[in-house]
Amino acid sequence: MTALVHVQGLSKRFAERVVLEDAELLLQPGARYVLTGDNGAGKTTLLKILAGLEPADAGRFAYAGRAFRLADYPAALRRDVVYVHQHPYLFHTTVKGNIGYGLVSRNVPHGEKERRIRLAMAWANLDHLRDVPPNRLSGGEKQRVALARAKVLEPHVLLLDEPTANLDADSRQQIVHLLGELSPAETCVLVACHDQEIIGLAGTVRLHLRDGRLSLLNGSPPASDAAVF
Amino acid sequence: MDPLAATGDAFRLLFSGDHDLWRIIWISLRVALISLVLATPLAVALGFGLATFNFPGRRAAVVTLQSLLSFPTVMVGLILYMLLTRRGPLGSLHLLFTQEAMIIGQALLCFPVLAAYTLAAVQGADPRLRETAIGLGAGPWRTALTTLLEVRFTVLAGVLNGFGRAISEVGSAMMVGGNIEGVTRNMTTAIALETSKGEFAQGIALGFVLLVLALGINMALALIQGQGGMK
Chain A
1 MTALVHVQGL SKRFAERVVL EDAELLLQPG ARYVLTGDNG AGKTTLLKIL AGLEPADAGR
61 FAYAGRAFRL ADYPAALRRD VVYVHQHPYL FHTTVKGNIG YGLVSRNVPH GEKERRIRLA
121 MAWANLDHLR DVPPNRLSGG EKQRVALARA KVLEPHVLLL DEPTANLDAD SRQQIVHLLG
181 ELSPAETCVL VACHDQEIIG LAGTVRLHLR DGRLSLLNGS PPASDAAVF
Chain B
1 MDPLAATGDA FRLLFSGDHD LWRIIWISLR VALISLVLAT PLAVALGFGL ATFNFPGRRA
61 AVVTLQSLLS FPTVMVGLIL YMLLTRRGPL GSLHLLFTQE AMIIGQALLC FPVLAAYTLA
121 AVQGADPRLR ETAIGLGAGP WRTALTTLLE VRFTVLAGVL NGFGRAISEV GSAMMVGGNI
181 EGVTRNMTTA IALETSKGEF AQGIALGFVL LVLALGINMA LALIQGQGGM K
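Line by line, the protein sequences give chains A and B.
Position 60 of the first sequence, counted from 1, bears residue number 60 in my numbering, the numbering being contiguous throughout.
Position 172 of the second sequence, counted from 1, bears residue number 172 in my numbering, the numbering being contiguous throughout.
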């Protein structure tokens, strides 16, 4: 099976500090991955490179069998790959406005947009907060809005950066529950985290980032389709 | 001069609907508002561009902009006068001693205020803002619009401050407007003229209107900053 995302020879350094060095990553459609690693190991950098928000120094990138130059991250790919920040930024509008933001960029028709927002809000249990501005939300509610804002776009690759960090027990539990429901057949989810409960979710493949390289800690390594490059 | 009697006369003038007085107030507001409307789009675009893009000479441009904040209004008037005077490079436009010349002068005066506020607002915006917009699929124009909407309270504060600078300046209006009664006489030039003639009542009445405007602008600023979550 062709990997949904295949990255080879990925390198990134900040001044003298090497964050990624000749790293290779294969993500399959519909699979859920967790990315572990020490603080500062480069997990956030890797996710941002995959989302086209951070330039890589070197590397080859293929998406659904098509090779791209990471330096020319294609705009079309931004529609398929969505990144959720560790501390999500919510726009100064309402919860509904935040969730619908990406749908406006995609020119989704009004009726369809309303339908998808409604479903996403119900999924994240945000119905009662529909018209609330973000400065009145708790940390857990903000994280749920960010997840709903990403889910509503129906991305093929969802990149989540420490979604349970700095949350209280109840909020954390809600996020873990949502993540458990988040992997429909067509979406590949990659979660950078230290949360043992997320790491232990059934069917999750664990990747570990250390010294700039990725290794597989469970599951069988997928066949590398180097021919795509 | 009896200050109390002059103040009493001033309020009688103001509240009796004195035609000359209210025409002066109208000219002031018209000129300042039009200059603000003309300057705002360009100044906001410049401030956003300086905050967002890195290019050779950017630092010099920012320093120049900040220096223009304290540019004397009379110097703006002088430069504009030399350009617009009959023998100046723009003399053929016959703009000297017209409201249009005053509008140009005041637009030039509020331009750096607006641009500097926008620059500071965009530079100070949360770096996750841009990342989030791009990550959710917004193109360059929508990302720019989203950024400006997110920092709208600071930009609006700049607009109000720009209006304050335009309506209260006297140097440029006097030099390029010429203080012609019923045409280019605004509140500040009228106050200067009436005071020099020893006629204090109209000067006090107009000064009172300027103070009320300044108070209104500051109250609006406080309200906006409160809405924006600023202390």
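For the record, the hints were derived by calculation from the structure and aren't laboratory data.
Warning: the hint list may mix true and false statements.
What the hints assert, rightly or not - With a straight-line cut-off of 20 Å between C-alpha atoms, the simulated EDC-like cross-links for lysine to aspartate or glutamate are:
no.: 1; chain 1: A; residue 1: K142; chain 2: A; residue 2: D131
no.: 2; chain 1: A; residue 1: K142; chain 2: B; residue 2: E199
no.: 3; chain 1: A; residue 1: K142; chain 2: A; residue 2: D72
no.: 4; chain 1: A; residue 1: K113; chain 2: A; residue 2: D127
no.: 5; chain 1: A; residue 1: K113; chain 2: A; residue 2: D72
no.: 6; chain 1: A; residue 1: K142; chain 2: B; residue 2: E181
Unchecked claim - Distance windows between CB atoms, simulated:
no.: 7; chain 1: A; residue 1: F68; chain 2: B; residue 2: A45; range: 43 to 51 Å
no.: 8; chain 1: B; residue 1: G226; chain 2: A; residue 2: D127; range: 23 to 31 Å
no.: 9; chain 1: A; residue 1: G139; chain 2: B; residue 2: G226; range: 18 to 26 Å
Claimed, not checked - Sample of chain A residues lacking proximity to chain B, with all beta carbon distances greater than 12 Å (derived):
no.: 10; residue: R17
no.: 11; residue: E54
no.: 12; residue: A76
no.: 13; residue: D80
no.: 14; residue: H92
no.: 15; residue: R149
no.: 16; residue: Q196
Yeah, the Cβ is synthetic: ideal placement off N, Cα and C, and Gly gets one too.
Cross-check of the supplied hints:
1. K142/A <-> D131/A: Distance ~13 Å between K142/A and D131/A Cα, so the pair holds.
2. K142/A <-> E199/B: violated, 63 Å
3. K142/A <-> D72/A: violated, 32 Å
4. K113/A <-> D127/A: Holds, because 16 Å separates the two Cα atoms, which is no more than 20 Å.
5. K113/A <-> D72/A: violated, 30 Å
6. K142/A <-> E181/B: Roughly 60 Å between the alpha carbons, so the hint for K142/A and E181/B is violated.
7. F68/A <-> A45/B: 43 to 51 Å: Violated, at about 32 Å.
8. G226/B <-> D127/A: 23 to 31 Å: Holds: the Cβ-Cβ distance is about 30 Å, inside 23 to 31 Å.
9. G139/A <-> G226/B: 18 to 26 Å: Since the Cβ atoms of G139/A and G226/B sit about 24 Å apart, the hinted range of 18 to 26 Å holds.
10. R17: holds, 20 Å
11. E54: Violated, since 9 Å does not exceed 12 Å.
12. A76: Since the minimum Cβ distance to chain B is about 10 Å, A76/A lies within 12 Å and the statement is violated.
13. D80: violated, 10 Å
14. H92: Label violated. Min Cβ-Cβ 6 Å, cutoff 12 Å.
15. R149: violated, 7 Å
16. Q196: holds, 27 Å
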